[in-house]
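Take the given structure of chain A and dock chain B with the ligands to it, following the hints.
Quick mapping for you: the protein sequence lines, in order, are chains A and B. All residue numbers for the first sequence refer to full-length UniProt numbering, where the first residue is 1 and numbers rise by one. All residue numbers for the second sequence refer to full-length UniProt numbering, where the first residue is 1 and numbers rise by one.
By construction, these hints were calculated from the structure, which means they are not laboratory data. Watch out, some of these pointers could steer you wrong.
[As the list claims (entries may be wrong)] Capping the alpha-carbon separation at 27 Å, the derived lysine-lysine pairs in DSSO-like fashion look like this:
#	chain 1	residue 1	chain 2	residue 2
1	B	K118	A	K188
2	A	K70	B	K127
3	A	K188	B	K167
Chain residues, written in single-letter form:
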Amino acid sequence: MSTAITDAPAKKKLSPRRRAQRIRWTQYALLVAFVIAFALGADWGQIQSVFFRSDLVKATLTEGLPNAFKNTLVYTAGAFVLGLLLGTVLALMRLSSVGPYRWISTAWIEFFRGLPAIVVFIAFSLLPLAFEGLVIPYDPYGTVWVALGLVASAYMAETIRAGIQAVPPGQIEAARSLGMPAGVATRKIILPQAFRIITPPLTNEVILLVKDSSLVYVLGLSAAGYELTKYGRDLASSNANLTPLVVAGFCYLVITLPLSYVVRRMEARQKKER
Amino acid sequence: MSSSATHRGAAVVEVTDLHKSFGSNHVLRGLDATIRQGEVVCVIGPSGSGKSTFLRCINLLEQPTSGSIKVGGEEVTDPDCDIDAIRRNMGMVFQQFNLFPHLSVLDNCTVAQTTVLKRGKEEAETKARDNLEKVGLSDKADAYPAQLSGGQQQRVAIARALSMDPKLMLFDEPTSALDPELVGDVLSVMRRLATEGMTMFVVTHEMAFAREVADRVIFMDGGSIVEEGVPSQVIGSPTEERTRVFLQRVLDPTHVDPGAEDEAHAERHRAAAAAAGSTPGVPLDPQR
Ligand SMILES: Nc1ncnc2c1ncn2[C@@H]1O[C@H](COP(=O)(O)OP(=O)(O)OP(=O)(O)O)[C@@H](O)[C@H]1O
Ligand SMILES: [Mg+2]
Numbered sequence: 001m002s003t004a005i006t007d008a009p010a011k012k013k014l015s016p017r018r019r020a021q022r023i024r025w026t027q028y029a030l031l032v033a034f035v036i037a038f039a040l041g042a043d044w045g046q047i048q049s050v051f052f053r054s055d056l057v058k059a060t061l062t063e064g065l066p067n068a069f070k071n072t073l074v075y076t077a078g079a080f081v082l083g084l085l086l087g088t089v090l091a092l093m094r095l096s097s098v099g100p101y102r103w104i105s106t107a108w109i110e111f112f113r114g115l116p117a118i119v120v121f122i123a124f125s126l127l128p129l130a131f132e133g134l135v136i137p138y139d140p141y142g143t144v145w146v147a148l149g150l151v152a153s154a155y156m157a158e159t160i161r162a163g164i165q166a167v168p169p170g171q172i173e174a175a176r177s178l179g180m181p182a183g184v185a186t187r188k189i190i191l192p193q194a195f196r197i198i199t200p201p202l203t204n205e206v207i208l209l210v211k212d213s214s215l216v217y218v219l220g221l222s223a224a225g226y227e228l229t230k231y232g233r234d235l236a237s238s239n240a241n242l243t244p245l246v247v248a249g250f251c252y253l254v255i256t257l258p259l260s261y262v263v264r265r266m267e268a269r270q271k272k273e274r
Numbered sequence: 001m002s003s004s005a006t007h008r009g010a011a012v013v014e015v016t017d018l019h020k021s022f023g024s025n026h027v028l029r030g031l032d033a034t035i036r037q038g039e040v041v042c043v044i045g046p047s048g049s050g051k052s053t054f055l056r057c058i059n060l061l062e063q064p065t066s067g068s069i070k071v072g073g074e075e076v077t078d079p080d081c082d083i084d085a086i087r088r089n090m091g092m093v094f095q096q097f098n099l100f101p102h103l104s105v106l107d108n109c110t111v112a113q114t115t116v117l118k119r120g121k122e123e124a125e126t127k128a129r130d131n132l133e134k135v136g137l138s139d140k141a142d143a144y145p146a147q148l149s150g151g152q153q154q155r156v157a158i159a160r161a162l163s164m165d166p167k168l169m170l171f172d173e174p175t176s177a178l179d180p181e182l183v184g185d186v187l188s189v190m191r192r193l194a195t196e197g198m199t200m201f202v203v204t205h206e207m208a209f210a211r212e213v214a215d216r217v218i219f220m221d222g223g224s225i226v227e228e229g230v231p232s233q234v235i236g237s238p239t240e241e242r243t244r245v246f247l248q249r250v251l252d253p254t255h256v257d258p259g260a261e262d263e264a265h266a267e268r269h270r271a272a273a274a275a276a277g278s279t280p281g282v283p284l285d286p287q288r
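Okay, chain A solo, but in the shape it has when bound:
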């Protein structure tokens, strides 16, 4: 019925809808073919023994995993808090009317965003060598928090700045016209709204931080300070088997998937409120 209007006898020409349907069926057929080929061709025993060896799963879970899991969480949480505080200061500096504050903050942000995180961590691992007697408290947490927090602060500063700028200018005008000094207006009116706006992107940054925390092994931590990646990797290489790494990877998903879900929920809600 789709060709009814054209008077050309285009018998062979399919209507766009029919063609789309045919393409869809072809895609399904291809997919099924691949799955069957993979299921028949793969060596399932081999795959299981390399990736999911049950005795190794058990060993990984019981040995140091709870500690590594805890370390990943503690590293991330501390770096997040530090990054948030520092990021807020940097964002306010970036929006300051005092030129040098803006320059310092911009330089800081561009510097730490431009460097690979691992370079920052390597630098931190060398600091105690370069500055003799330098001790960062709460070893190993202190060092990790500072290193990871510095990197986080640069990313968060940009997010927070965007959030502050997304608060309508009428809000600061209303606050100031009530006689609030700029500082009070910022604390009571602007920042609470800015943080509400940026909760989803900030949560995304937590997810990135969770993953970036896997790089802190370059700081040369002792076994008690291992996080998930270092722990899983050591165990994997000592056993010449990937199972521990798979278990560690699964732990990351346990942390990050719920966070992504929460972000999606929050974004959907914000869209509805707008």
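Same frame as chain A, now just chain B with the ligands:
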């Protein structure tokens, strides 16, 4: 300029030769005005004539380019003056309400009291509830701004400003963003404020309101005050051609009936103003 205004009390605001430019755009071109205690002064004029800018200069939301603005005898353009202290005595109501969306209605009315006036929580809440009652919204204290209609939000904004016990209220087109059926509630709150003796400076396009409530009307055009006087004169029988042209355009052009003040007419005038694409005017409030 006519000097037929009633001189009821001391000058609350004295503006002398006020100029304001945005870059090369010379928006205010030498304004002189006085608002006295207990007076309601309405400012009318076409869109872009500088009404909002004038109002915003008074509490220094805009920095004047030159000229003098004295509020309660203090020169607000003086860098040594404590502008926050002056703003505390001056309520401001915006066209877009500008309620704090993250705070409940009650907290909107208490946040400045507790942080700026250092009032205790209880005292601030009592004051806030009194003012919410005054604007007819005592049942909405725990609601959030997003849950209220525009008219309700604007009345909360008035209650929020009143909670600071201001000596002067500035209104910048407080009903222009409202659906027509919500305008009346806000205007009656303002009318009542005027009756109670509040000094008000109102930019508005509500001619019926200006006529009824204002002690004095200022007509602005092109950044200057073209005509000023009691409403019956400025709105009723303007002497300046520009005022006449403006009023004709704002009041129903097909229905020239300048004496009408009933709500039905006000409604029509609003519709006409909206249809003409004119921007809403900021109402001027007379000072006590
Ligand atoms: N912040 C600003 N920056 C640059 N120009 C501005 C600014 N605010 C106002 N103006 C300009 O000043 C002029 C007067 O604006 P103003 O808002 O005071 O007019 P108005 O009489 O209140 O008009 P309306 O009835 O549309 O509200 C306009 O030409 C406007 O473009
Ligand atoms: Mg305006």
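To see whether the hints hold, each was checked on the structure:
1. A C-alpha spacing of about 14 Å is found between K118/B and K188/A, which places the hinted pair at or below 27 Å, so the restraint holds.
2. For a cut-off of 27 Å, the pair hint linking K70/A to K127/B is broken: about 50 Å separates their Cα positions.
3. With a C-alpha separation of about 25 Å, the suggested pairing of K188/A with K167/B holds against the 27 Å cut-off.
Checked against the numbered hints above, the structure violates only hint 2.
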